[in-house]
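Student: Turn these sequences into a full structure, and let the hints steer you where they fit.
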Amino acid sequence: MLQKLQMNNIITKKFQQELGRIQCSNNMTKMIHDNKNSSDVRQDHPFSETFPCPQQSRKSIICAENFSLWYGGKQAVNNISMEIETGKVTAIIGPSGCGKSSFLRCINRMNDLIPNTRVSGRLIFEEQNVYDKRIDLVSLRRRIGMVFQRPNPFPKTIFDNVAYGPRLHGIRNKTQLNEIVETCLKSAALWEEVKESLSRSALALSGGQQQRLCIARALATQPDVLLMDEPCSALDPIATGKIEELIVALKEKYTIVIVTHNMQQAARISDQTAFFCLGELIEFAETNKIFTVPSNPQTEAYITGRFG
Amino acid sequence: MRGYFMRNQFRYKLKQIKNFIAFQLFARLANVVMLIVLAVFGFIFYRSLPFLTHKIGDGDGNTVGFSQIIEVFTSGHWFPNADPPVFGMLSLFYGSFIVTAMAMLFAVPIGILSSVVLSDIVPFRVRQTLKPFIELPAAIPSVAFGFFAIKIVAPFLQDYFGFTSGTNVLNASIILAIMAIPTIVSVAEDATSGIGREIREASYALGATRAETIIHVVFPAARSGIAAAVILGTMRAVGETMVVWMAAGNAANMPEAWYRIDQVIIGLGDAVRTMTATIAGDIGETPADSLHRSALFAVGLILLLFTFAMNLLTEMIVNRGKLKSDQKINNTKNADQNYVGNKNYRSLIICAVTKTFRFFVNIFLIISRVIIFPLQKITRFVPIGIISYSRFMRSLFDFGFTLVSLASILILFGGVGIVMIPIFRAGAEAVCFQETVEHRLFILEKFQRGDRNAIKQEFRECSESRKAIYDKLKKTSWLAPDDWIAKAAKISRETNNRKLNRAFQGLCNAVSSEQLNIAYEKIKEIQQADKDAINPIILLADEYYLIASHADLSMRDKLISSDSDLTYSAAFKQIRTLITGVEGTGCILGMENREGNAHLPSEVRYGAVHWSTAQKILDQLKHATIWKPRFDDKLNSSINEKVIVDRVSFFEGTEVAADVGALIDELDRGMDKMLHPRWTFYGFYFFDSASAGHYLGGVGPELLGTTLISLLSILISLPLGLLTAAYLVEAAKDTLITRLMRLCINTLAGVPSIVFGLFGLAVIVEFITGKPSLLAGSITLAILILPVVIRTSEEAIRAVPQAYREAAIGLGAGSARTFITVTFPAALPGILTGVILGISRAAGETAPLLFTCAVASGGFVAGSNLLFQPTPVLSYTAYDMAVGDRIAAMVPYNQFGLVATLILFVLIFNIAAIIVRAKITTKLRGA
Ligand SMILES: Nc1ncnc2c1ncn2[C@@H]1O[C@H](COP(=O)(O)OP(=O)(O)O)[C@@H](O)[C@H]1O
Ligand SMILES: [Mg+2]
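Heads up: the protein sequence lines correspond to chains A and E, in order.
The opening residue of the first sequence carries number 1 in this note's numbering; numbering runs sequentially from there.
The opening residue of the second sequence carries number 1 in this note's numbering; numbering runs sequentially from there.
It is worth saying that the hints were derived from the structure and are not from the lab.
Be careful, since some hints might not be right.
[Said to hold, decoys possible] Footprint (simulated), chain E over chain A, 3 or more residues, beta carbon under 8 Å:
(1) 60 to 74
(2) 106 to 120
(3) 141 to 148
(4) 152 to 158
(5) 210 to 218
(6) 278 to 292
[Said to hold, decoys possible] Result set (BS3-like, lysine-lysine): computed pairs, CA atoms no more than 30 Å apart in a straight line:
(7) E:K131 to A:K74
(8) E:K472 to E:K634
(9) A:K195 to A:K133
(10) A:K74 to E:K919
(11) E:K487 to E:K467
The beta-carbon is built from N, C-alpha and C at its ideal position, and this holds for glycine as well.
Tutor: In structure tokens, the structure reads:
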């Protein structure tokens, strides 16, 4: 166990070095983005209210207050209040069907695509309610990237996959695009494997590579938050290991919320862990604390494998 | 114990043998499908051989010219009846091409946009309800569309867009587009919704709008399905016969400079002739063994090869991924090894055949790759971010795209609605209308329905009020004495007194009072000389003399005005015709004396049977349409213009003006007394036979014919289709044989229906039944609907859960028994859908019946040799009534009623199929 942790550390360091190298180019593209796009996801509005998070407003980026979600008549998320801190990896664990994905998909409002969904309470991202009518979905989703359970690359070339977001948001300059694609693929630790074949179809990659491509694709729009819904559940252990390393590396620059089925994974990579059960938040604390001294008996039962 | 075991083993052996036989039976029957396809190709090829091997200039024996095939592809002149005949098919190819291309120009964007409306824009539940209704119009018989094109679109184009002829490229392509859209939507939507939610979510999560997601992700991902949809739509348009035959004008034209786009655009207003329409139109006029007929078979062969190629193309596009994969190579290898390993001569032959077949397929694949390459590239390289990327512009584009897509689905439904509504509105009048006493009388006399005494009494009353009209007509009848002449001629034929007849003719033809007197004297002389008993002609002569002696006979041949070519005589004849009728037209009152004239056609004996018709004719009576020359300054010449004038004004200033005016007035005022209109529901419309040309009566024989022929064809096709489907699902794995079989089925499904007609003519009519007959038509249609039956049955059998089968096999049932006792009953509702769809498809087809079964008019088929008679069917009669028949044009409600009946017939079956499907789905869901 210890050995493994050490290994992790070494790898993380290596990544950090690499990230440091590419930092300058990254900053450049970020600058290009920023002058086009105000950091405010809400379209300017004279009466826009702001919602500072109650307790530690500076530190947390996402903040749910009594948040509930219904699919038709069925409640999937029940009255959840929690804060997700900036620059941390927050894991959401819990038995399947307990509303983890549903909650995650609310943060960037992916559930809007499902008819008959209804929410109550507030879900605040950078002081603005995500479910405010005046929120611009396009900007919101740009700032909150998402990686899905099954790798879902577009049937395009690897390059086009990564360039998809930047192109949508208006970057047409070829050299700029090249730079972004290279940076993102490097950040996603895929560059070395595909740099020779950027014009090959993304579908020709292996499952793990595809998932890293999806991460790169999500990074390309320069998000602040990365939502990951069981990103490793469709992958083999080796690919899973790579993605985990990647997540730890990405923590430097992004706030990451990851839903996972796998408790070892949560323990390995997350700083905070939330335990969901039947749509409710049972316990939310430092990962160390949850896995060593859970305060709730239900959590303990789940972690020790007695149910779930 | 041992005996028990032995017996068991014996039973086991028996079971094995039984299964083996069942399997062999399956396999043999399944092969029949392939045999049919081979036969279709073979016979069409065989019959076109004389044409293909013919050498131009061979006629005189010593000059050996070049091959016919060269002419086919180099000349645009299609003069099959010239001497020597010219068979250049370029104009036919051009006709097919331009009509299809134009149709696709409309249909493809609308179809694709509509498909994303279903898959991406409306909620899933709405999509589920809408989808069957979008597929429904694909079932509407093409003859109904052709009918619409001729009856409604063509006059519209002529009147509002100034085309000289309304049947032209534009007309045909609009209608073809309306027909092809449902096919395109259906297949394309399968593709766009088939790519799944995940990939869409990926795009939305990156901040793409809906329009961007659709254009940059959905279209590229679904491109092979969309390409297949477009190809299917194209095949539908190319293979369509009835619509282009009726709507495209049928002249083998092409612009000289067909490569110039402006010429082509100007040519859109011209008539063209497609390959299918040529076959349909020409075959009837060709002797069985003529070069011309063989040439038509060659046209069929070209169509056949074209559809086959298109099929391979679709197959290739759809299975592109699979084709590349190693799995295919492995499979084929295994299959080959199996054949060779068997050391069976037949297997070796099959192996050889399939090998050569595959060789050709490969060659074709290489060629077609060149064709589809750009097609795929287009969707792959849709430039991303064409529009400015300001947030506002992106939303605007999204909104606009959604709007356009929704509009396109409205166009889809609107197009079908525009076709259906007029047909049903006008058609409803065939059953629900204000009937006149004439209709009651007709029904009584022809079908013995109704209260005899009451109707006779009513008719007598009407006759009373008509008397004044007939009298006035008679009083003026010297203007056009031909009905006097006809009467006398009839009498003279009976009495054989030709001399008197000639004298009477002289009397009638007199154009001055002197001539009249002289002729009358002559008749009197003949009477004296004969000392006969009084001849009826003499009485006629007296009567006529009385009328004519006061009249100015010379007026008869004068023109009604200096700039008209209408004489007073002709002008009066028009009035009389509108009131009492002559053969082949409609009239208000019908003839006066009906008793002795039962032999005359009913459109003369009876007046208007619909009150609306009577009013329409009355309007024609009051207002005449004439062509008047007008000098046009711009053109600097005079052109003829249509003007509507008072008919009475024809006679202004003459001695008959008052009479004619009074006549029309009287009719105007007292028409309801003469005809006694009354609302009625004529439910027997669907069972009554009709008079010649469908002037009166119903669609009974046609409905019976259609019902019989579709039932018969499903009876023939069901067993074969079912066994083939069963074989495909149960017995066969994915071997070369099944793949070939599928190819055959797909080919069969894509063959233009007119080619089935050719096949039916060449094989069934000429070899088996000898003449067009119900049986020949049914067999032809049975082949046509075979793919429908196979596909739906296969789907149904495949849907039976594997667990059922395993349960049965686990209980020790053999595979045949499992199929019969478990799988088949479970699949029955699904198979029923296939049956229903097959029936409706068969009922709607026209082209295959043209030469194999249908007659335009005729009574009920009946009797012991029922199967060997030709029969009228709804679809063909609809065609026949739409083109050419003058009587039919007088009774639009009967034309439209017939077409509406056909559409209803087909739609009822289709809706039944939808309901059965929905039932099955709920059952499978376990509700
Ligand atoms: N689109 C949907 N429509 C209706 N119910 C849904 C939908 N998606 C999820 N659910 C329901 O919501 C609950 C939570 O689902 P989900 O968030 O996917 O759970 P988890 O990701 O924790 O396994 C489940 O009971 C599931 O059945
Ligand atoms: Mg989940």
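Student: Determine for every hint whether it applies to the structure shown.
Tutor: Structure-based check of each hint:
no.: 1; hint: 60 to 74; in the structure: violated (count 0)
no.: 2; hint: 106 to 120; in the structure: holds (count 4)
no.: 3; hint: 141 to 148; in the structure: holds (count 5)
no.: 4; hint: 152 to 158; in the structure: holds (count 5)
no.: 5; hint: 210 to 218; in the structure: holds (count 3)
no.: 6; hint: 278 to 292; in the structure: violated (count 0)
no.: 7; hint: E:K131 to A:K74; in the structure: holds, 28 Å
no.: 8; hint: E:K472 to E:K634; in the structure: violated, 47 Å
no.: 9; hint: A:K195 to A:K133; in the structure: violated, 42 Å
no.: 10; hint: A:K74 to E:K919; in the structure: holds, 27 Å
no.: 11; hint: E:K487 to E:K467; in the structure: holds, 19 Å
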